[in-house]
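Novice: For this one, chain U is given, so just place chain Z with the ligand on it according to the hints.
These protein sequence lines are chains U and Z, in that order.
Be aware that the first sequence starts at 1, since it is given in this note's numbering, and climbs by one per residue.
Be aware that the second sequence starts at 1, since it is given in this note's numbering, and climbs by one per residue.
None of these hints come from the bench; they were simulated from the model.
Fair warning: there could be bad hints in the mix.
To be verified - Below are the SDA-like pairs computed for lysine to any residue, each with C-alpha atoms no more than 20 Å apart in a straight line:
(1) U:Lys-278 to U:Glu-241
(2) U:Lys-190 to Z:Lys-145
(3) Z:Lys-145 to U:Pro-198
(4) Z:Lys-145 to U:Asp-193
(5) Z:Lys-145 to U:Arg-189
(6) U:Lys-256 to Z:Asp-159
(7) U:Lys-190 to Z:Pro-11
(8) Z:Lys-145 to U:Lys-278
(9) U:Lys-278 to Z:Pro-227
(10) U:Lys-256 to U:Glu-201
(11) U:Lys-190 to Z:Gly-146
(12) U:Lys-190 to Z:Asp-159
(13) Z:Lys-145 to U:Val-187
(14) U:Lys-256 to Z:Ala-15
(15) U:Lys-256 to Z:Pro-227
(16) U:Lys-190 to Z:Val-166
(17) Z:Lys-145 to U:Glu-241
(18) U:Lys-190 to Z:Ala-160
(19) U:Lys-278 to Z:Val-250
(20) Z:Lys-145 to Z:Ala-48
(21) U:Lys-278 to Z:Glu-229
(22) U:Lys-278 to Z:Val-220
(23) Z:Lys-145 to U:Pro-245
(24) Z:Lys-145 to U:Asp-247
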Amino acid sequence: MVLALVEVGEGAVEEVSLETLTLARSVAEAEGEPLEAVAFADGASELVDELGGFGVSALHVVDHDLLDSYAPDAWAESLRELIDDRSPAAVLAPGTDRGMEVLVRLAARLGLPMAASCTAVEVGDVYEVRRQRWGGSLIEHATLDAPTALLSVAPHEVAAEPAPVEETTVERFTPELDEGDVEVRVVRRKESDAEGVPLPEARVVVGGGRGVGGAEGFDQLEELAELLGGTVGASRAAVNEGWRPHDDQIGQTGAKISPELYVAAGISGAVQHWVGCKGADHVLAINTDPEAAIVRKADWAVLADLHEVVPAIVEELRAERGG
Amino acid sequence: METLVCIKRVPDTGARIVLTDDRSAVDATGIGYTISPHEECAVEAAIALADDHGGTSTALTLGAPEAEEQLRTAVAMGVDRATLLETHGEWGPIATAGAIAAAVRERGDPPDLLLFGNESADAGHHQVPIRVAAVLDLPAVTGVKGLDVEGERLVATRDAPGGEEVFEVDLPAVLSVKEGLNTPRYPSMRSRMQARRTEIDRSEPEAGEEPDVETVELEVPEREESPAEVLGEDASAASDVVRVFRELEVI
Ligand SMILES: Cc1cc2nc3c(=O)[nH]c(=O)nc-3n(C[C@H](O)[C@H](O)[C@H](O)COP(=O)(O)OP(=O)(O)OC[C@H]3O[C@@H](n4cnc5c(N)ncnc54)[C@H](O)[C@@H]3O)c2cc1C
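Just chain U, with the same shape it has in the complex:
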């Protein structure tokens, strides 16, 4: 069989987990094996229908007294025991903070290699994988030769596609864990007090770069974002200058966004920025330089000083509202 780790959010399977199941199912089909899933939440068994819709024939729900808060080593040890029991050909996990760190811990426990951030897998004696490097601005073709192939799946690169099975069984799995496995664990959570829609969820994002010229310059972008019901983001250059907090950064080492519209003002569109915003449906660039990379990638461009254009747009929108 092929095993996929799924993460359960508020009453639903996380999107990246559905993507993981989709890639895992293609591996399972190529291996001629069934697809099984493993989840760590009490409520997971309620999602069995949803998982069955993605080809899962058996769901293993891990259950243990020491698992009331997230503990990566305990998750890895549970997976190791389940693998011992079920001998999967491959184990896939979503490329989230959790999925990634649990899979690496598992790899270390099993003394096996692991391929991170995969976007496609070709099954054979040796697995051929396509994986992301440089946060997605470079693709690596690599081989993975291991008795159990361990793969994490790059988020939002594989489209989640349903493929229902007739029946999905739910099986409780109780691993043997001890205190050492929960030495690293979440001791508490802090809810975000940031106002507005978080960048990854925003429908419209207005991004500013070095061209904005200073922290005050972002006031105009804030106004525009507000009128569009959107959120302000920034390039690394603007963050490094101290004009915006790092939480606003879009790109390889910042947030990945997928709005309907991204307005990039005074941003050159370097690859490390682009990998963070290429998920946008539409891009409008405001830049003085017609040769800027962002202008070649955007759908629309205004080739002018943002300090003149942005207030003009704001004024036009205001006038429209008033009228």
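Specialist: Just chain Z with the ligand, lined up with the frame of chain U:
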């Protein structure tokens, strides 16, 4: 407080990635090299911890002899010592972690804190910190964006959907950090000059035999270029911009 901060020499690509002719690596001729952004924050954290709690910090890199340049940058920023594990060719995460763990063992007791970037900018394997922690049997927290040392205990926070999650572990420990943890300082010209004279501790580790992920070739994904429709070259473009907003139904 003794810290060891592990960094990597990576090509400093700006707007475009160019590959070598055999497509095995990024061609850095003409663009130069840097330390990954996450690791710059790890270096800053090491320096700040020594400032606040006393003790020393050491920067370590595994890589080509030229990676000395990145070690000297770390020294110029304020790290006390530098260690180069000199290799030829790109090592995978298992071999890299094995050599780093062996170097730590050789020094005796592990430092209080081993700091890493969450993932290297170029290879992105996400594995070295956790594999080092596994070999040394130390607790590891990854993706850290906030950290506090309280006596022998470390409090680390990281982003989670809708907020943050907090971990607490005993030292010694392994931490991998993300950009946003702090603002790395820029070394002054004077400290750069001084860093040039710093003695670098060098050794040549032996690669282990374990098989790892093997690169066949690299590919630069096709740039999704769609010649932009130019709406205008001055403020008068605003009305066309608003028309586009209306078409997209964002207003
Ligand atoms: C490993 C690594 C990771 C990185 N991660 C990220 C990341 O996550 N996010 C990110 O953004 N970057 C990242 N970078 C940095 C990236 O390579 C670029 O340096 C950065 O995105 C540049 O920001 P910028 O476009 O704002 O600045 P610049 O490149 O300086 O571009 C400014 C642009 O503004 C235009 N402009 C100037 N004045 C005006 C004006 N008055 N009106 C209109 N236009 C104007 C200019 O024509 C230019 O195109 C990373 C780099 C590395 C090496």
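Novice: Can the restraint linking Lys-278 (chain U) and Val-220 (chain Z) be considered satisfied, given a maximum Cα separation of 20 Å?
Specialist: Holds, at about 15 Å.
Novice: For Lys-278 (chain U) and Pro-227 (chain Z), compute the direct alpha-carbon distance and say whether it is at most 20 Å.
Specialist: 15 Å, holds
Novice: Holds or violated: are the alpha carbons of Lys-278 (chain U) and Val-250 (chain Z) at most 20 Å from each other?
Specialist: Since the Cα atoms of Lys-278 (chain U) and Val-250 (chain Z) sit roughly 19 Å apart, the hinted pair holds (cutoff 20 Å).
Novice: Lys-145 (chain Z) and Pro-198 (chain U) were given as a pair; does the straight-line alpha-carbon distance stay at or below 20 Å?
Specialist: 17 Å, holds
Novice: Take a quick look at whether Lys-145 (chain Z) and Arg-189 (chain U) sit within 20 Å of each other, Cα to Cα.
Specialist: 14 Å, holds
Novice: Under the criterion that the straight-line Cα-Cα distance not exceed 20 Å, is the pair Lys-145 (chain Z), Val-187 (chain U) satisfied?
Specialist: 16 Å, holds
Novice: Holds or violated: are the alpha carbons of Lys-145 (chain Z) and Glu-241 (chain U) at most 20 Å from each other?
Specialist: This hinted pair holds, its Cα atoms lying about 19 Å apart.
Novice: Keeping to a limit of 20 Å between CA atoms, is the pair of Lys-256 (chain U) and Ala-15 (chain Z) held or broken?
Specialist: Cα-Cα ~18 Å, so holds.
Novice: Would you check the hint for Lys-256 (chain U) and Asp-159 (chain Z), treating anything up to 20 Å between C-alpha atoms as holding?
Specialist: It holds: about 14 Å lies between the C-alpha atoms, which stays within 20 Å.
Novice: Sort out whether Pro-245 (chain U) lies within 20 Å of Lys-145 (chain Z), counting only the CA atoms.
Specialist: Between Lys-145 (chain Z) and Pro-245 (chain U) the Cα gap is close to 13 Å, so the pair holds against 20 Å.
Novice: Would the pair Lys-145 (chain Z) and Ala-48 (chain Z) pass a check requiring their Cα atoms to be no farther apart than 20 Å?
Specialist: 15 Å, holds
Novice: Taken at face value, is the distance from the CA of Glu-229 (chain Z) to the CA of Lys-278 (chain U) at most 20 Å?
Specialist: 18 Å, holds
In summary, the structure is inconsistent with hints 1, 7, 8, 15 from the numbered list given earlier, while agreeing with the others.
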